[in-house]
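Protein chains in written order, with this note's numbering: chain S, 52 to 402; chain W, -11 to 269.
Honestly, the hints are just simulated from the structure, not real lab data.
Glycine residues also receive a C-beta, built at the ideal position from the N, C-alpha and C atoms.
Mixed in with the good hints, there may be bad ones.
Said to hold, decoys possible - Dumping the calculated BS3-like pairs for lysine-lysine here, alpha-carbon to alpha-carbon at most 30 Å:
| id | chain 1 | residue 1 | chain 2 | residue 2 |
| --- | --- | --- | --- | --- |
| 1 | S | Lys280 | W | Lys267 |
| 2 | S | Lys280 | S | Lys116 |
| 3 | S | Lys131 | W | Lys24 |
| 4 | S | Lys131 | W | Lys267 |
| 5 | W | Lys183 | W | Lys146 |
| 6 | W | Lys28 | S | Lys170 |
| 7 | S | Lys170 | W | Lys24 |
| 8 | S | Lys275 | W | Lys21 |
| 9 | S | Lys386 | W | Lys267 |
| 10 | S | Lys262 | S | Lys252 |
| 11 | W | Lys267 | W | Lys150 |
Said to hold, decoys possible - Chain W stretches covered by chain S per the calculated footprint, using a threshold of three residues with CB under 8 Å from any CB of chain S:
| id | stretch |
| --- | --- |
| 12 | 32 to 42 |
| 13 | 69 to 83 |
| 14 | 225 to 232 |
| 15 | 260 to 266 |
To be verified - Calculated Cβ distances over 12 Å to all of chain W for the following chain S residues:
| id | residue |
| --- | --- |
| 16 | Pro57 |
| 17 | Met59 |
| 18 | Asn83 |
| 19 | Ser106 |
| 20 | Ile112 |
| 21 | Gln123 |
| 22 | Asn194 |
| 23 | Asp216 |
| 24 | Gly218 |
| 25 | Ala248 |
| 26 | Ala258 |
| 27 | Ala339 |
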Amino acid sequence: MTAHVPRMIPKGRIDSFLESLGVPVAVPVALNGTGDIDFRIMEKPVAATAACAESYVNSAISPLKFAYPQTQVLWRFHTKPEIEVIPPAAPRELAIFGIRSCDVSAFRYLEHFFAREPKDDLFAATAAKILLISVTCQEPDENCFCVCCDGGPFLDRKFDVQLTDLGDSYLFEIGSAKGEAAAATGERFLEPAPDGAIRKKEELHEATLRKFVVTSHMATGIRKLTARKVPDALWRRMAARCSECGGCAFVCPMCTCFDVSDQRETADSGRRERCWDCCQYSGYSREASGYNPRDEKVSRFKRRFTHKLSYYYVQADGVHGCVGCGRCIQACFGKVDMPGVVNALRTETIV
Amino acid sequence: MAVNLYAPDLARITEITSETSDVKTFALEWPGKEMKQRFKTLPGQFIEASVPGVGEAPFGVASSYDRDGEFDITVRAVGNVTRAMHELRPGDLLGIRGPLGNSFPHEIARGKIPLFVAGGIGLPPLRSLIHYMLARKKEFPHLTILYGARTPSDLVYKDELKVWAGDPSIDLHISVDVGEEGWTGNVGLVTELFKEIRPDYSKVAAYVCGPPIMIHFVILKLLELGVPEQMIISTLERHMKCGVGKCGHCAIGHRYVCTDGPVFSYAQIRELEWQAGEKAT
Chain S
52 MTAHVPRMIP KGRIDSFLES LGVPVAVPVA LNGTGDIDFR IMEKPVAATA
102 ACAESYVNSA ISPLKFAYPQ TQVLWRFHTK PEIEVIPPAA PRELAIFGIR
152 SCDVSAFRYL EHFFAREPKD DLFAATAAKI LLISVTCQEP DENCFCVCCD
202 GGPFLDRKFD VQLTDLGDSY LFEIGSAKGE AAAATGERFL EPAPDGAIRK
252 KEELHEATLR KFVVTSHMAT GIRKLTARKV PDALWRRMAA RCSECGGCAF
302 VCPMCTCFDV SDQRETADSG RRERCWDCCQ YSGYSREASG YNPRDEKVSR
352 FKRRFTHKLS YYYVQADGVH GCVGCGRCIQ ACFGKVDMPG VVNALRTETI
402 V
Chain W
-11 MAVNLYAPDL ARITEITSET SDVKTFALEW PGKEMKQRFK TLPGQFIEAS
39 VPGVGEAPFG VASSYDRDGE FDITVRAVGN VTRAMHELRP GDLLGIRGPL
89 GNSFPHEIAR GKIPLFVAGG IGLPPLRSLI HYMLARKKEF PHLTILYGAR
139 TPSDLVYKDE LKVWAGDPSI DLHISVDVGE EGWTGNVGLV TELFKEIRPD
189 YSKVAAYVCG PPIMIHFVIL KLLELGVPEQ MIISTLERHM KCGVGKCGHC
239 AIGHRYVCTD GPVFSYAQIR ELEWQAGEKA T
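This is chain S alone, in the form it adopts within the complex (with noise of 0.2 Å):
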């Protein structure tokens, strides 16, 4: 791809911008009561769109749920008079916007695990119609630690079409060809970056770097799970904490078990639907003939972080299996959260 001019939008335009491209938008919403943002569908975008984003620091769940919903039909059936396969509904087009850095890179992960052969091509064509505007962190809250991952706060790449507040207008930054036509097909509302904007933007980079709380040596953390030297007591301490709820999976941009059941709609038709699974729960890897290999606790928990960690995964994904979004420290009422867990192989000791 040939390298991008810089543009800006004047926040004023955004909602213009994001209505020009004819295609729902996802966008992040306060809801009532508890405060917490979630990613909600708007068929037109709202006047708040902009504000909102600059607002909130991340989404209790991650606007992944758009490429890998929680629930999702493979196909469905009829039984008579004899079975029918049917495929399930086509994904439609969606653009996300206002995602985190974090989410994108989580995103890329999950394209890349789902491309796999054989290739999940359920997930492919759902990813394929989403469109990512993100939008750079520059206030990380107390639980990100994106730093340490290489998952933010700002992105080089990945992302499809990233914006940075400058003030009253963002910098547009384009990461993809779909980042490009998009920005083809909302070309007026866009103007061309003055001097030094760039610059500007690694200033707030920088800054932005200086504001983290939570640090996570996830290096360490891989280097000592890895090579097996992480003492058998202290597995088992960790896991006690664990109350095996599977908040933490449930969060994680990165998670992507799931279970598979079939649903019956009537006596003879139905659908077989995928719902995301927790390898912390007991029925997890539990077989028909009641035989479980990871039949105790420890041997799940470490299941959970050998995924994350192993240098072996790293080396067949690119990437260690966390992204810092800081969701599951949020999730986790044990402590026994990414960066609690990597402290803790690191220096021996739970705090």
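Dock chain W against the given chain S, drawing on the hints supplied.
Just chain W now, with coordinates in the frame of chain S:
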């Protein structure tokens, strides 16, 4: 072609054989020309069978790919899907995805002594390789088969076992854990059967399939007898849900039993266990 990676094609059941009180063998064929030509299984590969509305479960293909467009699976009724399969009749359709996974390395047994050790419902996947070798007598002139089951009634392929027993190219030894009235054969664990054979174990290519606990003890026995680690071939049993390396349930370390296996040599299993930091068998 199936609708997507997770959607099955439909095969028709041509025959159902009752093997034991809870085991049936389903002979299947592809109605369409396309699948007949496309569906070629190597010995040791598996399929995912679907009963729409109930679910899907993995089964080792029990027949050799030499049978064009037809194949067998042997199914013990143990869970929801398998119980629903046992309700099916000849002529019914069954959803099939596959063939999936890797296969038994048969080439390592060329010029060696092929030894099969099966426990219970572990014989069906090995049967695919046994058929394959029986059809290639020049390459594999002599097979030794050790087969153990809980009781005489739990032995599968009883008619075929009689044929094998009378085949001079097959040395068949059977044992049951618990005898029954009229049973005059061996009583004891399958590992006891090693007393009845005297091969040069340094030249053995061993194929082991059965419940995890049986595999564990058979492998220990083979190592004790001097079979090299890379010549002990087994299958790892894990809950293979999607069968295509995505759902995560069958993962051990960074390997997926469904796509990297289910067949592994003991040397590979040992390496995998070290990398994963957990026991694989």
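Going through the hints against the structure:
no., hint, result
1, S/Lys280 / W/Lys267, "holds (17 Å)"
2, S/Lys280 / S/Lys116, "violated (36 Å)"
3, S/Lys131 / W/Lys24, "holds (24 Å)"
4, S/Lys131 / W/Lys267, "violated (45 Å)"
5, W/Lys183 / W/Lys146, "holds (23 Å)"
6, W/Lys28 / S/Lys170, "holds (20 Å)"
7, S/Lys170 / W/Lys24, "holds (23 Å)"
8, S/Lys275 / W/Lys21, "violated (54 Å)"
9, S/Lys386 / W/Lys267, "holds (27 Å)"
10, S/Lys262 / S/Lys252, "holds (16 Å)"
11, W/Lys267 / W/Lys150, "violated (37 Å)"
12, 32 to 42, "holds (count 4)"
13, 69 to 83, "holds (count 4)"
14, 225 to 232, "holds (count 6)"
15, 260 to 266, "holds (count 5)"
16, Pro57, "holds (38 Å)"
17, Met59, "holds (41 Å)"
18, Asn83, "holds (35 Å)"
19, Ser106, "holds (36 Å)"
20, Ile112, "holds (19 Å)"
21, Gln123, "violated (10 Å)"
22, Asn194, "holds (25 Å)"
23, Asp216, "holds (37 Å)"
24, Gly218, "holds (44 Å)"
25, Ala248, "holds (42 Å)"
26, Ala258, "holds (38 Å)"
27, Ala339, "violated (3 Å)"
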